[in-house]
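**Student:** Let's have the full structure, built from the sequences with the hints guiding it.
There are 2 protein chains.
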Amino acid sequence: MATKPGIPKGTRDFSPIEMAKRNYIFSTIKEVFHRFGFEQIETPSMENLSTLMGKYGEEGDKLLFKIQNSGDYFSGITDEELLSRNAPKLASKFCEKGLRYDLTVPFARYVVMHRDELTFPFRRYQIQPVWRADRPQKGRYREFYQCDADVVGSDSLLNEVELVQMIDAVYTQFGIRVSIKLNNRKILSGIAEIIGEADKIVDITVAIDKLDKIGIDNVNAELLAKGISLEGIAHLQPIIQLAGTNDEKLAVLKEVLAGSEVGLKGIEETDFILQTLKGLEIQSEVELDLTLARGLNYYTGAILEVKALDVQIGSISGGGRYDNLTGVFGMQGVSGVGISFGADRIYDVLNQLELYPAHTTQTTELLFVNFGEKEVAFVLPVLQELRNAGVRAELYPDTAKMKKQMTYANNKGIAYVAIVGEDELAQGMILLKNMETGEQQSLTPEALLKQLRNK
Amino acid sequence: MATKPGIPKGTRDFSPIEMAKRNYIFSTIKEVFHRFGFEQIETPSMENLSTLMGKYGEEGDKLLFKIQNSGDYFSGITDEELLSRNAPKLASKFCEKGLRYDLTVPFARYVVMHRDELTFPFRRYQIQPVWRADRPQKGRYREFYQCDADVVGSDSLLNEVELVQMIDAVYTQFGIRVSIKLNNRKILSGIAEIIGEADKIVDITVAIDKLDKIGIDNVNAELLAKGISLEGIAHLQPIIQLAGTNDEKLAVLKEVLAGSEVGLKGIEETDFILQTLKGLEIQSEVELDLTLARGLNYYTGAILEVKALDVQIGSISGGGRYDNLTGVFGMQGVSGVGISFGADRIYDVLNQLELYPAHTTQTTELLFVNFGEKEVAFVLPVLQELRNAGVRAELYPDTAKMKKQMTYANNKGIAYVAIVGEDELAQGMILLKNMETGEQQSLTPEALLKQLRNK
Chain C
26 MATKPGIPKG TRDFSPIEMA KRNYIFSTIK EVFHRFGFEQ IETPSMENLS TLMGKYGEEG
86 DKLLFKIQNS GDYFSGITDE ELLSRNAPKL ASKFCEKGLR YDLTVPFARY VVMHRDELTF
146 PFRRYQIQPV WRADRPQKGR YREFYQCDAD VVGSDSLLNE VELVQMIDAV YTQFGIRVSI
206 KLNNRKILSG IAEIIGEADK IVDITVAIDK LDKIGIDNVN AELLAKGISL EGIAHLQPII
266 QLAGTNDEKL AVLKEVLAGS EVGLKGIEET DFILQTLKGL EIQSEVELDL TLARGLNYYT
326 GAILEVKALD VQIGSISGGG RYDNLTGVFG MQGVSGVGIS FGADRIYDVL NQLELYPAHT
386 TQTTELLFVN FGEKEVAFVL PVLQELRNAG VRAELYPDTA KMKKQMTYAN NKGIAYVAIV
446 GEDELAQGMI LLKNMETGEQ QSLTPEALLK QLRNK
Chain H
26 MATKPGIPKG TRDFSPIEMA KRNYIFSTIK EVFHRFGFEQ IETPSMENLS TLMGKYGEEG
86 DKLLFKIQNS GDYFSGITDE ELLSRNAPKL ASKFCEKGLR YDLTVPFARY VVMHRDELTF
146 PFRRYQIQPV WRADRPQKGR YREFYQCDAD VVGSDSLLNE VELVQMIDAV YTQFGIRVSI
206 KLNNRKILSG IAEIIGEADK IVDITVAIDK LDKIGIDNVN AELLAKGISL EGIAHLQPII
266 QLAGTNDEKL AVLKEVLAGS EVGLKGIEET DFILQTLKGL EIQSEVELDL TLARGLNYYT
326 GAILEVKALD VQIGSISGGG RYDNLTGVFG MQGVSGVGIS FGADRIYDVL NQLELYPAHT
386 TQTTELLFVN FGEKEVAFVL PVLQELRNAG VRAELYPDTA KMKKQMTYAN NKGIAYVAIV
446 GEDELAQGMI LLKNMETGEQ QSLTPEALLK QLRNK
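So the protein sequences, as listed, match chains C and H. Going by this note's numbering, the first sequence opens with residue 26, and the numbers climb by one from there. Going by this note's numbering, the second sequence opens with residue 26, and the numbers climb by one from there.
One or more of the hints may lead you astray.
Copies of the same chain look alike in the list, so a pair counts if it works inside one copy or between any two.
To be verified - Listed next, the in silico SDA-like pairs over lysine to any residue satisfying Cα-Cα at most 20 Å (straight line):
1. K29 to N349
2. K428 to G178
3. K303 to K399
4. K55 to E43
5. K55 to T386
6. K55 to M44
7. K399 to L450
8. K118 to N94
9. K46 to E390
Since the hints were made in silico from the structure, they are not lab data. Note that the structure is predicted; figures quoted are calculated from it, not measured.
**Tutor:** This is how it looks when you write it as structure tokens:
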């Protein structure tokens, strides 16, 4: 007997119920993307390693899943090289292709490859799995879906405004209350500039983030320990203790960053986004949050992050503006701004808050019990008519015991069971049983059709 | 400057239009699957090589894309082995995982792994890409989607009947006229049995298939050349020249195969399927076709194939009954029957016959031209309301030249353009232009909303 088969660690099977919930998530997001004029593309799961390598840092290169060349994968490798056993160096000789690590680099490659067919600004979305040879842990998988929307080829801040609207529309649709955090890379650069410590941005945001927990004195002590001058720390005080409304925060920042051109630019951008949003019906709170420092190595303008208010979980969406998306592939001057929805976390949030609409996991609506050949002959045309009318219906295929058939209906969460036994057959009637209430009705085929079609 | 990036041979990018068409195909098929009570699952792209190897024959093993182990992939391989450069043998040392080659083996693995959670008969469908290191050629890709529906754990022939109904429903929905070819492995076995040549099934079907082209004499000559006895060929004459209705064909077969138990069983099964279908409203012709000999190494009962009537192309769907689906993973006695829809070919057929509904590729319905800050301030709330009402609408994000914005609308196939310039702004009106007819209307925001929502 073969051993029970398994799947590679960090990967998952999705059951019908999980798929129904995931489909609900993706179709809700897609619906919003469409309303905002975004169009879907797909790129191959495999990219040339030359496309992927060097785009995610040294650590990222190691986390790429590489695909062994077909045929004689030893060809072109000398005996000496083989015996050197230099795994990282020889990887690109054994393998020309790798699985995509994210959707951004393949998208940049797509834009460059298809530049002549595309109309800019190009609003694209993409929902596909990505693969990372990360150490698997709770909530972290080696295969997971990303769900990205980006606009490329437009510098307009209206794109940032629309991304916030889109986030708001998605989470309003889900019924998840969120806080949308907004920051700007240029403000952070401005802060670093005025204290003369360009490379200390992360240290500063990390320290500020601890204010609530450790208090102002400890924050200052930490900044000092990180090598920031006393003068710099003095300059930072209004920023560390920044509070109040977004407008109040911006007013303070404007004063503190008066000497930094880039800082003022970041304030102006943020102000535009926040003021424009004021006139629109945003359900979610939008908060200027200077501690937001995600993706500092690629975001160049706005930085966005979304926190669920009613569940303890990391950010459930994030994004921002990145200039020069396609520069690495030789196409300069194309700015992008985008947002990524974390499907796995949204899944968990919806589960915890029990926010899935009832119809999400509804599969078959009606099961006909199978009592044998004659009854089946009566049932089949009725079944066909129901399906033609869009009703999800099944006939149990085998003449099994009633109990087994009812268990099947129960396990599958089927709402109604239709019974046609000898008596019903004689009368040309169908006994319809509501599986939730236990209620039974005797109906003609026409009445059954009418009743179920109206649902 | 970097060289223009490419993608691995045999893989494809899908543009927004291609995606819209593909989504139409998949959602149509899914809708039908749901009506028949099938539930979706997904399995990981990667499976352990131990799950995949040996399931597709020696040739299949070579066509598996293998994923190099992470970290030190040399570990566990001796210097001697390395220098042997035995690529096929060492593949499973360098690689523990591979990309799935089809959806059937992962499904069998899924059923065995999750047997305790599943309720049988289990009706599952699965739409995911598969990968094969085949030589790419026209219409053959290294990454392509499969779209499979199977019922496992039921021997009932009603499943075969439903699969035919499902095929019919899908193609009726698409508007593609098809012929559904039906055969039965047991009939073929019976034929081989009565002429005493069990291993000649394929030779016989291939020869019979040529009847129309080369005539009866040449068919017989070919059979002789393939080593079939003169007596056997004499026996085969009524089968080679089988014609008429399905019932007529079955009557002839019943006589010829009277001495073969398995053959008669195949006839009985086929007869049941065809008789049962007669009572239902099938749009497509269903034809008993003995030359249909696909998947002879795994199908054990019914064999199905679908041909498009109005386009010259290979089969666009295929399937059949396979006993002992899960035996290879240690779970015996589970029979399966399924059907696979060929998305790429369906795509081509719909293109050639121009059968895509107009709304398929409709993206954004309305584009607001961007005339500057003041106009945008007026437009944004209107846009928000339109989107809330489900209208797909955009605002051109930059204050670009009118011509550029209209080109954008044209290229994206946007149906309406809304213009709010200085005059319109002063009057609080919106000029709506129908991009197809050129017609223009001046509307209040409320009237615009009403008009577009009603579409």
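**Student:** Next step is simple, just say for each hint if it's right about the structure.
**Tutor:** We went through each hint and held it up to the structure:
Taking identical chains as interchangeable, the C-alpha atoms of K29 and N349 lie at most 20 Å apart only when they sit on different chains, with a minimum of 16 Å there against 50 Å within one chain. In the homo-oligomer, the alpha carbons of K428 and G178 lie at most 20 Å apart only across protomers (17 Å), although the nearest pairing inside one protomer, at 62 Å, exceeds that limit. Within a single copy, K303 and K399 get their C-alpha atoms only as close as 68 Å, which misses the 20 Å cut-off; across copies the closest is 15 Å, which meets it. Both within a single protomer and between protomers do K55 and E43 lie at most 20 Å apart by alpha-carbon distance, with minima of 18 Å and 16 Å respectively.
Taking the closest pair of Cα atoms, K55 and T386 come within 20 Å of each other both inside a single copy (19 Å) and across two copies (15 Å). With identical chains, the CA atoms of K55 and M44 are at most 20 Å apart both within one copy (16 Å) and between copies (13 Å). In the homo-oligomer, the alpha carbons of K399 and L450 lie at most 20 Å apart inside one protomer (8 Å), although the nearest pairing across protomers, at 72 Å, exceeds that limit. For the identical chains of this complex, K118 and N94 are neighbours both inside a copy (9 Å) and across copies (14 Å), given an alpha-carbon limit of 20 Å.
For the homomeric pair K46 and E390, the shortest alpha-carbon distance inside one copy (17 Å) is at most 20 Å, but the shortest distance between copies (29 Å) is not.
Checked against the numbered hints above, the structure violates none of them.
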